[in-house]
Structure formats: structure tokens, C-alpha cells
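**Student:** Here are the chains, one letter per residue:
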Amino acid sequence: MTERLAPNSESDVVEAVQWALAAKTPLEIVAGGSKRALGRPVAAEHSLDLGSLTGMRDYEPAEMVFDAGPATPVAEITAELAAKNQQLAFEPPDLGPLLGEAEGRATLGGVMACNLSGPRRIKAFAARDHLLGLKAVTGRGEAIKTGGRVVKNVTGYDLCKLMAGSWGTLGVVTDLTVRALPAPERTRTVLVFGLDDGRGLKALRAALATPHEVSAAAHLPAAIAARSGVSYIMEAGVAVSAVRVEGFGLSAEARCVALRDALGAFGPVEELHSKNSGTLWREVRDVAPFAADTAPQVWRLSLTPDKGASVVAQIAGVVLGAEAFYDWGGGLVWLALPARDDAAASVVRGAVDEAGGHALLVRASERVRRNTAVFHPQPAALAALSARLKRGFDPDGVLNPGRMVAGV
Amino acid sequence: MLMPKPDQAVLAKRNRLIAGLHDILPADCVIGDETRLRAYECDGLSAYRQLPLVAVLPRETAEVAAILRLCRELEVKIVPRGAGTGLSGGALPLADGVTIGLSKLNRILEVDTANRCAVVQPGVANLAISQAAEAEGWFYAPDPSSQYACSIGGNVAENSGGVHCLKYGLTTNNILGTEIVLMDGEVVRLGGRHFDSEGYDLLGVMTGSEGLLGVITEVTVRLLPRPPVVRALLIGFPTVESAGACVGEVIGSGIIPAGMEIMDRFAIQAAENFAHVGYPTDVEAVMIVEFDGPAVEVDHLVARVSEIANNAGAASVRASRDEAERERFWAGRKAAFAAAGQLSPDYYVMDGTIPRGKLAEILGLIKRLSEKYDLRVANVFHAGDGNLHPLILYDGNVAGEFEKTEAFGAEILEACVVMGGVLTGEHGVGVEKRDLMGTVFNEADLNQQQRVKCAFDPDGLLNPGKVFPTLHRCAELGLMHVHKGQVPFPDLPRF
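Chains as they are written, first to last, in the working numbering: chain A, 1 to 408; chain B, 1 to 495.
Derived by calculation from the structure, the hints in this document are not laboratory data. Note that CB positions come from ideal geometry on N, CA and C, so glycine has one too. Among the hints, erroneous ones may be present.
Stretches of chain A that chain B covers, calculated by requiring three or more beta carbons in the stretch to come under 8 Å of a beta carbon on chain B [claimed, not checked]:
| hint | segment |
| --- | --- |
| 1 | 209-217 |
| 2 | 334-345 |
| 3 | 378-384 |
Listed below are the simulated SDA-like cross-link pairs for lysine to any residue, each with C-alpha atoms no more than 20 Å apart in a straight line [stated by the list, open to error]:
| hint | chain 1 | residue 1 | chain 2 | residue 2 |
| --- | --- | --- | --- | --- |
| 4 | A | Lys84 | B | Phe441 |
| 5 | A | Lys84 | B | Ile255 |
| 6 | A | Lys123 | B | Pro225 |
| 7 | A | Lys145 | B | Gly254 |
| 8 | A | Lys145 | B | Phe441 |
| 9 | B | Lys358 | A | Thr2 |
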């Protein structure tokens with residue numbers, strides 16, 4: 001019989017994990033469940049539903065820090081912070097629609113467990129860099145804490161980094177302390193029209209080499225641009241390269257002007273103001289161009305930035321019907337491929353390995369995700385080290401078995 | 001401070017060890033004579049000294065791997081060492097351990113501006129990276145005060161900060177990859193020139209691991225375009241409270257300056273007497289706030305923060321008009337340590353972090369403790385991120401005064417923890433704060449951290465005696481299964 005354990009407190013979580021240890025039966029860890037279609041399917045009959053561990057506490061705007069339970073909706077946090085002119089600077093994506101789910105269901109615990117960061121990753125770091133402290137219950141059924149409530153902290157190993165991006169395989173996070181940062185007063189986006197992928201990424205690199213503190217840099221080939229909800233982009237009929245600046249009003253405007261000048265050499269330029277900028281970067285963040293048609297499989301490639309276009313060209317030369325767009329100045333590629341049983345994994349990973357980086361299979365059927373390496377395979381020594389770490393936290397493999405690597 | 005007892009069996013193997021090291025390295029890279037070993041007897045925490053069993057200076061990754069394999073085979077401990085500028089004793093040698101100095105791995109391998117990064121060996125000085133990238137208009141952001149000397153490998157090991165990490169982040173936020181050698185001689189690469197990890201974030205856990213997990217042999221750091229304009233404000237405050245409140249007002253209004261430093265009255269006077277930089281001497285606190293970026297932004301923020309400071313009751317506000325003036329503002333802050341050295345035979349640098357809002361409270365406490373212990377203190381703060389560096393002045397030649405200083409420092413750090421802060425913001429735990437770890441973490445927390453070490457170094461040969469107050473053998477930690485909160489855990493004696 002399938003059990004759904006619904007703890008109300010850290011001690012309930014300890015009890016649940018100890019039950020799983022005693023019963024020798026693994027648990028699937030769920031905060032909101034919005035990312036079940038992401039990663040490998042968990043080989044567990046029972047689930048540990050953290051839905052009751054929700055809500056923000058001890059938000060101190062002057063200290064730019066707050067605590068929250070893992071099931072706290074990102075939307076709730078974003079709204080609370082916005083009321084004090086602050087934000088989650090890493091721009092957490094909402095991948096719900098991309099994965100065929102409703103939007104607005106992402107939780108803080110889920111975003112941190114997967115270390116998901118949006119376009120501002122290039123300036124404001126990743127989700128993991130904003131996680132200051134946490135409490136968790138390990139697979140040994142022990143409650144532990146790590147980190148603190150301050151940014152500058154080197155007291156002991158940085159287990160926050162290890163837990164972020166561990167997909168619930170090392171511990172059940174019961175409470176998080178996260179950093180907030182000031183929200184920008186004004187946003188401007190400079191658009192350059194009509195560049196092919198190679199030139200487009202070159203324009204983004206040029207922008208990122210200026211001292212104008214670019215906070216996002218994306219390139220949308222013509223077919224992708226046509227799916228935007230921003231009319232300037234949708235109606236362009238050509239590829240659109242986009243560069244964002246944010247900050248105090250005068251400063252954002254001055255930097256926008258300077259970037260228009262700098263990028264004018266690449267092609268015709270235009271600018272978006274705050275509202276249209278918001279729409280565009282939400283689309284890029286949430287991979288909206290690939291959300292409408294759920295048939296293709298979607299890959300997320302984190303790459304050596306100047307290799308973005310050549311990796312895509314290499315894959316598209318082998319797999320017909322490939323589509324891609326670029327974020328992080330070329331360092332992040334969202335790639336849609338016609339569905340195949342093997343997800344064209346060897347083609348994708350071959351190209352990525354040559355360039356330096358890793359590829360995550362983000363959208364595919366459960367069967368494909370069970371039979372294909374969803375996460376980029378590691379060299380043997382690194383995989384062995386990771387497996388030893390897993391055993392250190394969860395020796396009996398009761399937490400999310402198989403979520404990242406088959407059989408682990 | 002007790003260190004683990006030297007293992008007599010290892011001391012007896014010294015000749016065999018040295019012979020083995022000579023098979024790996026040229027003669028001048030194996031240091032065994034006492035005179036030359038003296039150079040390695042301490043790091044920046046010079047109150048603690050110990051000659052290593054042997055010191056070695058490998059020139060490439062393969063040599064590091066061979067040394068580690070040999071030491072593992074002979075069951076000899078390893079202490080990695082960068083430039084030796086660390087302030088918590090992380091590179092303090094062991095009498096029965098090999099100190100492995102990375103100073104000969106000192107090449108900048110590539111400045112790759114297309115990918116906004118540089119690939120460097122661990123012995124490269126922090127500042128040298130920015131200098132190498134300067135011609136093309138780039139820099140490496142983390143800037144510890146010792147940046148002309150400290151090495152990037154040491155920065156990664158300690159997760160170093162600096163004056164400008166308020167805006168730009170710490171080392172951990174500014175590196176993309178490393179190559180490390182594990183204790184079994186295996187060479188692994190974490191990260192690369194791309195963002196984030198394909199699996200567990202081992203790069204994140206390596207950063208700040210204080211030489212206990214692996215030996216760093218290469219680092220890929222992020223580079224940023226140099227800001228075109230830098231200006232600073234020099235602000236005097238009649239009370240420490242008003243300076244602390246001003247920090248909160250600035251941050252609360254959505255401004256994140258590049259740096260935000262506070263010095264207290266004693267530190268101001270010491271710096272002024274030493275460097276004659278023109279600080280106001282009739283105030284209780286001086287704050288330096290620095291902005292960088294496009295001119296229009298910097299000028300705007302200089303005006304806004306001047307206004308905020310005036311509203312917070314500032315006694316004086318000066319904005320730098322040129323580079324020379326900005327450098328004068330900083331000259332006093334940078335001279336604070338040297339100035340303390342002029343006032344006293346010895347000084348002890350503390351490093352705690354507190355929530356910003358507790359600045360005035362902790363300063364009040366430090367003042368009371370200064371009277372209790374009858375030791376003078378100069379306070380300098382990275383105020384923007386609540387990182388305090390009290391300099392306790394003492395005379396090491398007076399019997400018992402160093403012990404008194406340590407007790408004073410421990411009380412400050414314990415107070416930081418009580419106020420919601422932590423033991424160390426950027427200097428690391430090392431040997432210095434090892435025995436205070438129990439004020440932050442309980443046994444379960446610390447055991448889990450040690451299990452991370454076990455995954456990297458199952459025999460506990462890398463830098464033992466640092467960070468953890470109690471050493472456990474990995475096999476014992478592995479057996480630790482909890483039943484209903486009862487921990488059948490053998491309490492090994494403290495060393």
C-alpha cells in the first residue's frame with residue numbers, strides 16, 4: 001500500500017525518515033510536486049509530502065534575509081519581497097508550463113533543490129549563492145543545520161551549496177534561510193535585429209565586455225522570436241538579440257543609451273522599457289518559446305559561453321528539426337529536438353563534452369527519462385566521489401532513490 | 001590549543017619518506033633541514049608555530065598526485081599551504097605531516113575574455129590575476145586585504161572575501177572550476193568555464209574547506225569588466241550608533257555600495273597617527289563608502305548617500321574628487337593593521353559576522369570586554385555585511401597575556417553567535433576557532449560535516465587537527481545509525 005507521509009514539523013520528518021529506515025523502504029520527497037516531470041522518476045512507493053512546511057518567517061528587509069519552509073510558493077515570496085522593493089535576485093524560473101503543468105506552483109524548496117536560476121545568473125549568481133542556511137533531515141534520520149543568517153560565513157563546510165542542486169537525494173530540507181536583494185528601480189532592454197546565431201552571440205559578448213553591468217543577455221533566432229508576447233519582438237520577422245540593464249533610473253537609462261551605441265555596429269537597435277522587458281525576460285526565464293508545443297524533447301545545456309552557437313550547429317547538423325535559443329550570453333542553450341526514444345543523448349552530449357559543459361534532459365516522457373541519463377554522466381572518479389557523498393548522507397538510499405542517477 | 005599527538009611511527013619513517021619524495025621531486029623541492037623548514041613553521045596566525053616533518057614544493061599536478069599517493073601509502077599526513085597569509089592557522093604544520101607548498105604552481109595559464117574567465121595555477125597571487133587581465137579591461141573581484149601576497153588557491157580553500165564582496169560576492173561566487181587532487185592521488189576536475197554543476201556541487205563544498213578535502217592544483221575564476229569610475233565618501237559620525245544606523249539606512253534604501261567600512265575612534269587615531277591621511281579625529285566613527293560603475297550612477301549614489309548620512313547625524317561628509325583623494329581615504333583603513341602594530345608589540349585579528357543591525361550592540365560589548373580584560377581594541381568593520389575585525393593589542397612577552405587575548409577573542413565570537421551571527425566571516429576556522437565550533441553546531445551537525453570529509457579523504461590524512469574540535473574515524477561515523485534519537489556514539493577523547 002502506498003503511504004503519503006505529511007509531516008507538520010522537523011521532528012515529524014525525523015520520525016518519517018526513521019520509519020523508512022526501519023521499514024527499509026525509500027521515500028519520494030515532495031514540496032509542491034511541480035517538478036515531478038523533471039529529473040529521473042523516483043523509485044519509491046511512498047512519498048514524504050512537505051506541503052505543510054510552508055510560509056515565510058522572520059523577513060528582515062534591513063538585513064535582506066528571510067526564512068521559509070520548503071513548500072512556500074515562490075510566488076508568495078516574490079510578492080512579499082516586492083512589497084519592500086526587494087527580490088530574489090537569481091530570478092527563479094517557473095518551469096511548470098514547459099513541463100506541461102500549471103504555472104505558479106514552484107516552491108522555494110524545489111527551486112533550491114534543483115538550483116534553478118534565471119537570466120540574471122550572469123550578474124547576480126545562482127540560486128545556491130543566495131541560500132544562506134538551512135535545516136535538513138539526512139537519510140540517517142538525523143536533523144542537522146548548516147550555514148546561518150549572514151552572507152559572510154565560512155564557519156564549517158558550505159553544505160548549503162551541496163544541498164542546493166542535490167534534488168532531495170542527500171537530505172529532506174525542512175527550513176531555508178535565503179538572501180533578498182533590492183529590486184531595480186528601472187529596467188531597459190536593448191534589442192539588436194537580424195543577426196544569425198554566431199553574430200548574435202558575438203553581440204552579446206560585446207555587451208558583456210562593457211562596464212554597463214548587463215544583467216541578462218539572450219539571443220532568439222527568428223522562429224523563436226516570433227513566439228514572443230512582446231510585439232516589437234514577435235513582429236520583427238528576424239532574429240532578436242536582447243541585453244538587459246537594471247538599476248537606478250538615471251543609471252539604467254544612461255547605460256541603455258551607451259549599449260545602443262555599442263551594439264549599433266551589429267545591426268538595427270531598439271529598446272524595451274520596464275513592462276515589455278518584464279514580459280521578454282519572463283519568457284526567456286520560463287522557456288516559454290518551448291511551452292506551447294509539448295511534443296519535442298527539451299534539453300538544457302550549460303556551456304563554455306563562446307561555444308554556444310557551434311554546439312547548436314553541430315547538433316542541428318545531425319538531428320533534423322532542432323530548435324534552440326540562448327541565454328546567459330550564450331552559456332545557456334535551450335534546445336528542442338523531435339522526440340526520440342534515446343533523446344539523441346549521445347549526439348547532444350558528444351557536442352557538449354567537446355565544448356565543455358553539461359546537458360540536462362529537461363522534458364521527455366517518463367519512460368525516456370527512466371531509460372536515458374537525464375543528468376550529464378560524470379567521469380568515473382567524480383561519480384565515485386559523488387556516490388560516497390550520497391552514502392555519507394543517506395547510506396540506506398531511502399531519499400529519492402534514482403532521482404539523479406539510476407540505482408543511486 | 002592542543003594538536004593531535006605526533007605519531008611516533010611516522011616520525012620513525014622520516015628517512016624513507018624523504019627518499020620517496022626525492023624520487024618524485026628534484027632535490028631543491030624537498031626541504032628537510034631545520035633552517036629552511038623555519039619558513040614554513042606558521043602562517044599569518046603566527047602565535048602558533050610548528051616545524052613540519054618535511055616541506056615539498058611540487059611544480060605540476062602530476063607531482064602533487066605522486067606526493068599524495070606516497071603519503072597515503074606511508075600513512076603520512078598532508079598540510080596544504082598557499083602563500084601562508086591565512087589568519088586562522090589553517091596551514092599550521094604538523095610535526096608528523098608533510099607541508100605541501102603550492103608556490104611553484106604559479107602560472108597564469110590563460111586569460112579568456114571571450115568566456116569572461118581566467119585559468120590559473122593555485123600559487124598565483126590574487127592581485128596578479130587582475131593585473132594580468134587589466135590591459136584588456138577586466139578584473140577578478142574578490143580582494144582580500146592581503147591580495148598582493150595571498151594566493152588564489154588559498155582564497156579558494158578559505159572562501160576569502162574582501163572589501164568589495166558586498167557588491168561582488170565572495171570567492172565561492174566568483175569561481176567556475178578547479179582541478180583538485182584527492183588524497184589517493186586521483187585528479188578530478190570540478191566545473192569548467194561554464195556555470196553550475198552537472199551533479200552535486202562539489203566545487204561549492206571544496207570552496208572554504210580549508211585544505212581538508214583535496215589539494216587544489218588549478219582554478220578557473222570569473223572576470224568582470226572594470227568599472228569606469230570609482231568614488232568614495234569619507235563620513236565622520238559623533239556616535240558609533242549613528243554610524244551603524246546609517247549602514248542600515250543606506251542598504252534599506254536599496255543601495256548596495258561596492259564597499260562600506262567603519263573604523264572606531266581608537267582605530268581612527270591609530271591610523272591617523274601612523275599614516276596622517278586627514279581623518280576627522282573628533283568623531284567616534286569614520287565610515288568609508290565606495291561606489292563604482294558608470295559616472296552617472298556613481299555621482300547619483302554619492303549624492304544620495306551623502307544625504308542619508310547627513311540625515312543620520314553625520315558630523316562630516318567628504319566625497320573624493322579624484323583618484324588621489326580616494327586613495328587617501330583608503331590609506332588610513334589599509335594602514336589600520338600596521339598602525340596597531342606600531343602601538344603594541346603584538347595584535348590579534350578577530351573575524352566574526354553579525355547581522356548589520358547589531359553593529360552598535362557588539363561594539364558596546366567589545367568596549368566592556370576591553371575594560372574587563374584590560375586590553376586595548378581597535379575596531380575595523382566590513383560594515384556593509386556585518387563582518388567585524390577587532391584588533392586586540394597585547395604583548396606576547398608578558399606571561400599569560402596571549403591566553404587572556406584568546407579568551408577575550410572567544411567571548412567576542414561567542415557573542416556574535418548569540419546575536420545571530422557566526423564565528424568567522426572570511427578568515428576560516430583553522431586551529432584558531434576549532435574549539436568554538438560547538439557554540440554553532442551540535443554533534444550531529446559536525447558529524448555530518450565530517451562524513452563529507454570521509455567521502456573525500458577516508459583515512460583522515462588531509463590537514464587533520466583543523467576545523468573539527470573532535471576527530472572521528474570514518475568507520476565510526478559510518479556506523480552511526482540513529483534509533484529514536486539515541487546515538488550509540490563512542491565519545492572519543494579530544495586531542
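**Student:** What hint numbers does the structure not satisfy?
**Tutor:** Hints 2, 4, 7, 9 contradicted; others consistent.
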